[in-house]
Structures are given as C-alpha cells and as structure tokens.
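Asker: Here is how the chains run, residue by residue.
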Amino acid sequence: MRIRRNVGPLDRALRFGLGVVFIYLGFYDASLIRDPLSGALLGAMGVMLVFIAIIAWCPFYHLIGFNSLSERT
Amino acid sequence: MSLRQTLLASFVGLIVLTLLVFGYSAYQIAQRSSTDTETELLAQLNHERSLELATEYRKHPALSYLREHIGVDREDIRVLTLLVDQSHRILGASSDARLAALATDRLPMPEGTGAGPQTGEINLNGQAYTLAATSITGSPYTLVFLSPRGFAAHGALSQLASRLGVTGLIIAWIAVWIGLVISTAVARRLKAHTDKLRHQATHDALTDLPNRLSLLENLNAAIETSRESGRTVALILMDLDRFKDINDTLGHDTGDILIKQLADRLRIRLWDGDTVARLGGDEFGLVLPMASSADTRLVVNKLRSILAEPFKVHNLSLTTDASIGVALFPAHAGDAVSLMRCVETAMYRAKSTRRGYEIYDPANDPYSVERLKLTADVGHALVRGELFLVYQPKIDVATGNCTGAEALLRWKHPEHGFVPPDKFIPLAEQTSAIKDITHWTVNVAIAQCRAWHDAGFPLSVAVNLSATMLHDTSLADRIGSLLHNHGVAPECLQLEITETAIMLDRESAFETLKALSDLGVRLSIDDFGTGYSSLAYLRKLPVSEIKIDKSFVMHMLDNENDATIVYALIDLAHRINLRVVAEGVESEAILAALASKHCDESQGYYFSRPLPAEDFAKWYLRAAPRRLASA
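So the protein lines, in turn, are chains A and B. Note that our numbering gives residue 15 to position 15 of the first sequence, counting from 1, and the numbers run on in steps of one. Note that our numbering gives residue 1088 to position 88 of the second sequence, counting from 1, and the numbers run on in steps of one.
Don't read these hints as lab results, they were simulated from the structure. Using N, Cα and C, we set each Cβ at its ideal position, and we do this for glycine too. Take every hint as true, because none was put in to throw you off.
Residues from chain A that face chain B, not an exhaustive set, calculated with beta carbons under 8 angstroms:
hint	residue
1	ILE33
2	SER38
3	LEU42
4	MET45
5	LEU63
6	ILE64
Could you put the whole structure together from the sequences, leaning on the hints where they help?
Answerer: Written out as structure tokens, the structure is:
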C-alpha cells in the first residue's frame, strides 16, 4: 500500500524546525538541559519530528483522519 | 466551536493544569528539602573545619594563625567564615568585613566548648543566610559559617526544572495526541449515532425508503435547482387501489410484505436520480428533477409495469393496481407544499375516474386558487347585479305556436366576462349562494311571466332547478308565495330538474317534487337520456314532461342510433302519459322529423337563441303571427 502524504508544507517546515531545535538541545548542547535523561527524551522527540517532516506522513493524522495537505488531488 | 474542538481544548487544558500543579508542588518539595540539606551540609562543614582548626591550634596556639586559616574554599558553596570570641567580638573574617560588622551581636553561640554545631538562620541586608557555629576545642574561639540561602537548591532545581520541562513537554505532546484521538473517536461515534437518528427520521421503517419529510426536502431542493435551470420538476403520487382489501382479507403482515416487495422493485427499477419515498400506508411519492413530459410518461408507464407483475406473498399471487397523480413545477404550483396538494388532487381524481393516471388540471381542482376566487365571486354576483336571465322560446311542434320560454341564468363576471352556467353553478352549489340565486331566478322569471301576461302574451316560464335545491324543504312554500305575490297561476311555472339530480337523493327529491306538484307547478325532467335513472322510479314521480337532451336531437338526421333513441323516447314518454320536449332543434328538417313522430314541443337555435327579456318580446311579436299563420 502506498502511503498517502498527509502533512502539508507549512506543517512540515514547522516540524522540521522544531525537531532540529529539540535534537540540538537534547544531544548537543547541555547548557539548557543538564539532565541527560531529559535531554535524551527531547532529542528522541526531535528525531521523530524530523522523520515525520521528511516522509510527510503522520501516523496520528492518519489515525484521526486529519490532513494538513491542501485537498487538491 | 465544534464538539471535537471543545473536547480537545478541554483535554489539553486539563493536562496543562495538571502539569502546573505538579510542577509547583515539586518545586516546593525540592526547595524545602534543599533548605534542610544545605543547613546540614553547612553544619557538617563547620564541624569538620572546627575540628581541623582545634588540631592546628594545639600545635600553633596563636590567634593570628587561626585567623589566616579559617577560610573555606568550595566550588559549590559560597561560605563566609567568621572567628568570634565569647563576647561576640569578631576577631577574624574570610571576606566582607561589612557583613561581619552587621552580624556581630546577632550570632548564636554554642553553649560550652566541644558542643555540636549550632545552626540557624539570619537575615542580613535583606538576604537570608544559613548559619552554623562550632566552638574550636581547646580555644576560647568559635568558628561561624554563613552561607546565602538556596546555594544547594540551584543544582537540584535546575535538574528538576529541565526534567520537569522536558517530561512536561512530552506529556503535553502525548496528551494532545491522545486528546485528538479520543475526541475524534467520540465525534465519530456521535456522528454515527446522529446519522442513524437522522436516517430513522427521514426513512420509512418498513421499507427503508425515504419518508414524506425526506421527499419534501428533496422536492424543495429540486425546485430550488429548477428555479435556476428552468427545467421542470415532476412530482408523482401513487396510491394502491384496494390495498385495504388485501390487509383486511389476508392480514396486515401480508400487506406489509407486499409493500416491501413493491418498495424493492421501485428501488431497483427506477433511476438513481429520482427520489422514491413511501409517504405512509400504500402511498408512494416520486420526485423527478429535470423531467420532460416524455420522461414523466415513461416513469408512469414503468410504475404500471412494475405493478402489473404479480406479488408472491405466502404462496399467493397477488396483483394490485394503483392510481397515479402527476403535478409539475413550475406549471402547476410555485412551491413544494402546493405541488404536493396538486399531486394529491390529481391522484384522487385518477382514483375517482378510475383512469389510473391523471395529470393535475386546475379546472378539476376544487381548491385551486382561481376556483376559490370564483366561488367567492359567485357569492357576490347577485348583490353586485352581475346575474341576469335570458329566455329561449319553446314552440309547440304541431301548431308552431310559442307556448313559453325557458329562463336561463347568465353571469357577466367583471374580469372574466361571461362565465358559463355549467362552470359557476357547481361553485354556487358548494356554498349557500345557490339558495339565494335560485330564489332570485325564480322570482325574476315569475315577474317576467307576469309582465308577459300583462302585455297579452299567453306564455309560461320554465326555470332550471339545481340538485341541491331538492333537499330544501322550504322550497315549495317559497315558490308558492312568489307565485302568489306576482299573481301568476302555478301552471304557468315549469321547473326543470335533471334526472341525475333526482336520482342523487330519491327520498328528499320525491318529497320536494311532491310538494311542488301539489302546489300546481308543472315539473319536467331535463337532459333526459344522458343520466342514469330508474324508469320504475321516474314513473312514480309527479312529472308531466321530459326534455330529450340536445345531444341526441342535434345529430338525429345523420346518426341513425340517435334518431332511434329520440323516437323511442318520444314513444316511451307518450305511453306513460308524459309530454315530450326536444332540445337542440337547429333545422327545419329536424323539426319536420320530430313533427312526424308527434313530439309535443321543441326548442333550439332554429327558432331563436336565448334572448334578453326585451329582445324576446320583440321576437315574440314578430314571430307569433307568422307561426300562427303557418299553422
């Protein structure tokens, strides 16, 4: 089954930006978050956000039947 | 805000609130525990240092030595150290002499040498300090440590804050998603429930076809579309004939099965764009958006072919027929409700005429707007003086003499001009206007008769009596008093009643006719041969004359059957001692044929069309001598 994209461009950009910030704060810069466990969790979230932004398909959107992609197709 | 959004917002709100409460209490607990920890830590440091200093002091018992070594160098804690004697004098300080001066007389002192560290809090320059003091064993001095409050909290709290922040973020994120999922699920379930309810409200339970409500909605939608496109919308109403018989004879379950089978056939066999609805009982409605009259006829034929196939119910083969009414938008009505009324009228007409299929015709609609208006106008016509009488001569066939005239009612409508009697009399019969109109007509006719007598014309006058008037028990009395008022002999008045009117309600007709006959008025049966009547019954009526309908007379020379009927009627009437009047005499040849069969009187355009009173008098004066001469 071909996965149908359901994340729009603005949504993707936001997710990507937030994901990169989370990865940076979680894994690379400990000045704000000194606790390693918290950092790891935040970083993992960041990785997920970036991943979703890249494939443009959000499983939760799929689950709730939402779509931030404009309905042109 | 939709239900889903409300649910989601409240879910997220709840999570944020929980996080805030959780964060606040965690912060409180952390701070309290850090205060305890830091006092303990400071006391411990203070104690250890004083023990070290006591050892040093034993080796170098000099105040100057102590002064130089009281300092504590720690990365994590900022500690101010003071060396005081028993009278609270500060002998040495690690740093900030000003602070030391402030502290001088407020420092708590350990009781006795070698006692454990004394701890406490002190406020200096608006800053809270934790304090620990231990006397240096073997010396008169006490070592005091001061540390600004909250030094230990910083590390623990920053760890707590970041953990709380990140977990909070993740929890909030998860919460948003859970909220979305739950609210979607709830909204979906609610929607399914609402859809089900809506389906129940708009569909028939037995057949699952749309119901009346749904049909009206579709009809409204089709009409709206049609207003823009200009196409015709057809509404078809189908009602099964004698369906009640099936229910009564075979039971309601059989009837239900038949209805279900019919519904299935309709669903399968009709076009998708057309709405088929069960309006209740054995009534079905169809909306054909954008229908031409050919399409409509096609659908009606299809409906009839669907019904023509027998239904198999409980091993029985049942057939049923239907009456179908058709009404069109915009031709027949301007809105859905009126169209519905029109189609019902058409369907009922189809049922009553047994033709099976009828397109709405405003002329047949007792409730059409024009008809209602006309009905109201009939009521006013008399008062407004719009009614008048015309007279058509009746000629004695044998002598050629004019014996009298039939008074005919005419209505000149201010807008529609002349309205024929067969159109407005039925309207008047629906209201009480017929009573007044009859009374007025008889009165005017008798007055005219009086005028003729006064002018020396020996004429009688004939007036048509409506079927409804035969139920009026006071009719004979009123006519009696009119005759009396004008001084006209009852024999000079002739009342004409159609045979259908008499047969409608035999008993009251008989009573009224008897009363009129007793009065001395002559009675005549109008339009004889066109209605349905019982000769056995007619024989008993106090009638003196029959009038053969003009439809037989007009064509009697071309049509042998008509001639036979006319001759037979003349013969029949004579045998039961009734006079015969032939209507519709249009030529001399017809008159001659009637004369040869001894018809008594005749009437028709050959002599004269119906004339107003003055013209009739002129005609009489001109014609009477000629007829008399020719006789």
